[in-house]
Each structure stands twice: as C-alpha cells, then as structure tokens.
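Novice: Here the sequence shown is numbered in UniProt numbering, starting from 1 and rising by one per residue.
Misleading hints may appear alongside valid ones.
The following label-pair restraints were derived from C-beta to C-beta distances [unchecked claim]:
#, residue 1, residue 2, range
1, Ser229, Ala267, 26 to 34 Å
2, Gly195, Val140, 22 to 30 Å
3, Leu244, Ala64, 47 to 55 Å
4, Asp105, Ser19, 34 to 42 Å
5, Ile135, Leu426, 22 to 30 Å
6, Ile125, Thr98, 48 to 56 Å
7, Lys341, Arg427, 32 to 40 Å
8, Leu329, Asp46, 28 to 36 Å
9, Gly359, Gln21, 47 to 55 Å
10, Glu129, Glu408, 46 to 54 Å
11, Val140, Lys341, 48 to 56 Å
Please keep in mind that the hints were generated in silico from the structure rather than gathered at the bench. Heads up, the beta-carbon is just placed ideally off N, CA and C, and yes, glycines get one too.
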Amino acid sequence: MSLKKHDLFINGQWVKPESGQYVTIKNPANGAEVAAVAKGNAQDVDKAVALAHKAFGPWSRKTASARADYLYALEKLLVRDKEKLAAIITSEMGKPITEARVEVDFAAGLMRFAAENTRRIQGEIIPGEREGEKILIDRVPHGVVGGIAAWNFPLALCARKIAPALAAGNTIVVKPHELSPLSGLALAALAQEAGLPEGVLNVITGDGPDVGVPLVAHKNVPLITMTGSTPAGKKIMAAAAEHLKEVRLELGGKAPFIVMEDADIEAAVEAAVTARFFNCGQVCTSNERTYVHEAVYERFAKSLRAKVEKLKVGNPMDNGTDMGPKVSLAELEKVDAMVHKAVAQGAKLELGGHRLTGGLYDHGTYYAPTLLSHVTHDMDIVQNEVFGPVLSLLKVRDFDEALQLANESAYGLSAYLFTKDLGRVLRMTRELEFGEVYVNRGAGEEPQGFHHGYKNSGLGGEDGQHGLEAYVQTKTIYLNA
Numbered sequence: 001m002s003l004k005k006h007d008l009f010i011n012g013q014w015v016k017p018e019s020g021q022y023v024t025i026k027n028p029a030n031g032a033e034v035a036a037v038a039k040g041n042a043q044d045v046d047k048a049v050a051l052a053h054k055a056f057g058p059w060s061r062k063t064a065s066a067r068a069d070y071l072y073a074l075e076k077l078l079v080r081d082k083e084k085l086a087a088i089i090t091s092e093m094g095k096p097i098t099e100a101r102v103e104v105d106f107a108a109g110l111m112r113f114a115a116e117n118t119r120r121i122q123g124e125i126i127p128g129e130r131e132g133e134k135i136l137i138d139r140v141p142h143g144v145v146g147g148i149a150a151w152n153f154p155l156a157l158c159a160r161k162i163a164p165a166l167a168a169g170n171t172i173v174v175k176p177h178e179l180s181p182l183s184g185l186a187l188a189a190l191a192q193e194a195g196l197p198e199g200v201l202n203v204i205t206g207d208g209p210d211v212g213v214p215l216v217a218h219k220n221v222p223l224i225t226m227t228g229s230t231p232a233g234k235k236i237m238a239a240a241a242e243h244l245k246e247v248r249l250e251l252g253g254k255a256p257f258i259v260m261e262d263a264d265i266e267a268a269v270e271a272a273v274t275a276r277f278f279n280c281g282q283v284c285t286s287n288e289r290t291y292v293h294e295a296v297y298e299r300f301a302k303s304l305r306a307k308v309e310k311l312k313v314g315n316p317m318d319n320g321t322d323m324g325p326k327v328s329l330a331e332l333e334k335v336d337a338m339v340h341k342a343v344a345q346g347a348k349l350e351l352g353g354h355r356l357t358g359g360l361y362d363h364g365t366y367y368a369p370t371l372l373s374h375v376t377h378d379m380d381i382v383q384n385e386v387f388g389p390v391l392s393l394l395k396v397r398d399f400d401e402a403l404q405l406a407n408e409s410a411y412g413l414s415a416y417l418f419t420k421d422l423g424r425v426l427r428m429t430r431e432l433e434f435g436e437v438y439v440n441r442g443a444g445e446e447p448q449g450f451h452h453g454y455k456n457s458g459l460g461g462e463d464g465q466h467g468l469e470a471y472v473q474t475k476t477i478y479l480n481a
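Assemble the whole structure, with the sequences as input and the hints as a guide.
Specialist: Here it is, written out as structure tokens:
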C-alpha cells in the first residue's frame, strides 16, 4: 500500500508543494513508515505569508467573542479526537500513548485559555497634560506571526503558538518540526472543520533551511515565536535582526532538582523519576542535575535506583509502557556519547548507559533508563543539556551549596525544590535564577501559568496572561476632541 501523502495547508486548503517532493515520516518505535509529508520551500512560505497577510485585516476586525468562538470550537474538536491525536503523536515521535493523551489535554487547555481571554486583552487610559486630553494605550495585533515548533511536543507546541496568536487577532504561518509534522497537520484539519476563515492559519512542512529560514527572514512576518534548541534560537535571533522583528524564544534547559534533608523523600523520588524519564527525557523542563543533601543522599539514591529499575521500556502504544524510544538514531547517539564521556570523566554508571537491543528494540531507537552517581559539577554532562533518559546524582553539603551550584549554569528555565522549610522557599524566590520553579511537586506547567526562562533558555515566554500579551503590541494615542 502506498503511504498517505499530506499536502501543505495554505489559505484553508490542502495545497501541493512547489517542489513536488514529499518526505517519509518513520515511527521511531519500530522503524515503520507512517506517512509522506510535503517538502515545502521558500515559494510556499511566500504564498502562505501573502495569504495570511491578506486574511489579517478581516480577522483582526472580528470581535473578541467571535475569535473566541473559533478557539472554543477547536478545543471541542481536540477533546473529541483525543485518542486519534494521541495515536498520531505516538506514531511520529515515540511518546507513550498515556503521555500523548496528556499532551492532547494540554493542547485543548491552551485553546480554552486563549478563548477565555480574548476579551481580557485590555488597554489603559491615562490623563493627558492638555485640557480635555486623554492618553490611550491600546493593544493591537502584530499581523502575520511565524511559529516554529519543536519535535518533542508536536501538537501542544503548535497549539501553544496558534491559540494566543489567533486570540490576539493575528494570523499565523506555522512550521512543525520535520521529524514530527503530523500533529500540526492534524490540527490544521481540525481548524478547517471548525470553519476557521481562509488564510488565518497556515501550516508549512519542511526542514529548517527550506522553510524555517525564509519564514524567519520574511519582511511581512513581524513576530517570530519559536520553541527549540538554544543554538537554533540564536540563529533565528540573528536572522530576525535584519528586519528588527520581535522574537520570542523558548529554548533549552538544565533544570536543577534540589532535595533537602527535610524533604518528603518518597515524594521527591517519585517526582525526580517522572520529571527525568517522562517523554524519554526529551523535555526542556526535565531535571538534568539532581542535587541531594548529604544527610539523605544514600536513602534517596537507594529508593531512586529501585524506582528506575522498575521502569518498563517498550511499545509506546501499550498502556503499561513507562518509556518509549528516542525520537531518532541521531538523538540516541548524542545521548550515548554524553554518558560515555561522563563515565570517562569519573561518573559511576549505576544503571543503563546503552542502547537497548533484542526483539522489539532492534526495530526502534530505544535507550536504557540511565542513572549516574559520583557526578561532579565540572563534568560536561552537568553543564550541557542531555535531552534524554539520563539522571545525574550530585551530593551537596547544604542549601547554600545547592543554590550556588544550581545557578552556575548557562541556562535558567525550570528548577525544582523539595523542602518543608519556608525560609528556604523564600530564599529561593530571591536567589534561584530560573524563570519557573516547582516546589514540592513534579514537572508540568499549566495553560494559565507563565512558562519562561532566563539566560540561554530564551526570551519572552509562553502561556497565561503574560504569554498572551506577547502577541500584541502597544499603540499610544493622544486623544483630543
């Protein structure tokens, strides 16, 4: 049987790519070919941007309630097709089906939050200096937004850009990642079913050089929002400089996971394992450095090892699977090289540290859940983002040392703290240099929160009221009769 071909979604229609070429998407769990996806190029981007620009005027003039109705409709369709969408996510990037369902729920939540807040994009009225004058600060949409999504949450990351962009009155051209484009295309099909006006949402599949670069460089795209790696984010920022575009970047992380001697150890272990091995460790908020107080280190390490040993790695379509494959062989090899280097630098390999083989594993890109001890702060694996199922344990003397080491990083996205000491929590709010901190809980941001990082973890932020405000710009009006 021939593979189903997916065209580009431009101006509310499915359009063949100018190149006439299609790329095969493979399931990392078993190597099977899943679908063929259009290979877009700069001509396709030009067409999509032109039509999005044409659609911007009518869309931006719609009432906030009217825009909200489309987003509510999209949310309902996401909920209706939850199982179908979860299966698509799992087939294209290997995430366990149970986790894929969580991703669909999050995407629906993003749509709901954006819909609820279309009427909360508010301006200000300020007294003027002239008699009878009022100064108005209005908030208006940018125009055509360029959205670039990463492969690790293919549906949620597309929804994370589409929902606030449309709520604020913008139109958008989205580039899903070339490894996992099917979720974004499925979302476009739902938008078509919801009756979204032509040109408001456009999805162009293809790789970075052919689609991402021309989208970022396009003179009629004033706002770029991208989720991905820090090196890619820096290139986007440089390319956007020519037209002085506004850029919102959600990039890499190196989250510290701090466990103090007064913590609930079992709760901390549970959170540490979930946050590290969820989605095979392919999450920017994963705990990349686990700092444990020396007074409870041995107890924590013993419980941690027992829990990691019980993780079931296998078919991601099985409800009992805890961890699926890495998204690609290249990503697997990258993680494996980092583990081997850590061991060469003195880390002790407690568990894992190798590609899984035999049976199902021979057909996919599976990596064993890995636990490293005797890790020191100067090792490369503590400084560079791993983005894989590797948990590194480090021992600290006290809270002061934990804070110091946590902050000695080029990243500043997420962090974790387990303690019952309110004083430590208050110190953390002042001294821990991260944009998002989970206290006595595992990972998982909410649509109404604000997901953002410091330093090399990006610029701007996503979600919540603050994230929505990124999709508007201010206009100051000196109003006189």
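Novice: Check each numbered hint from earlier against the structure, then list the numbers of those it violates in ascending order.
Specialist: 3, 5, 9
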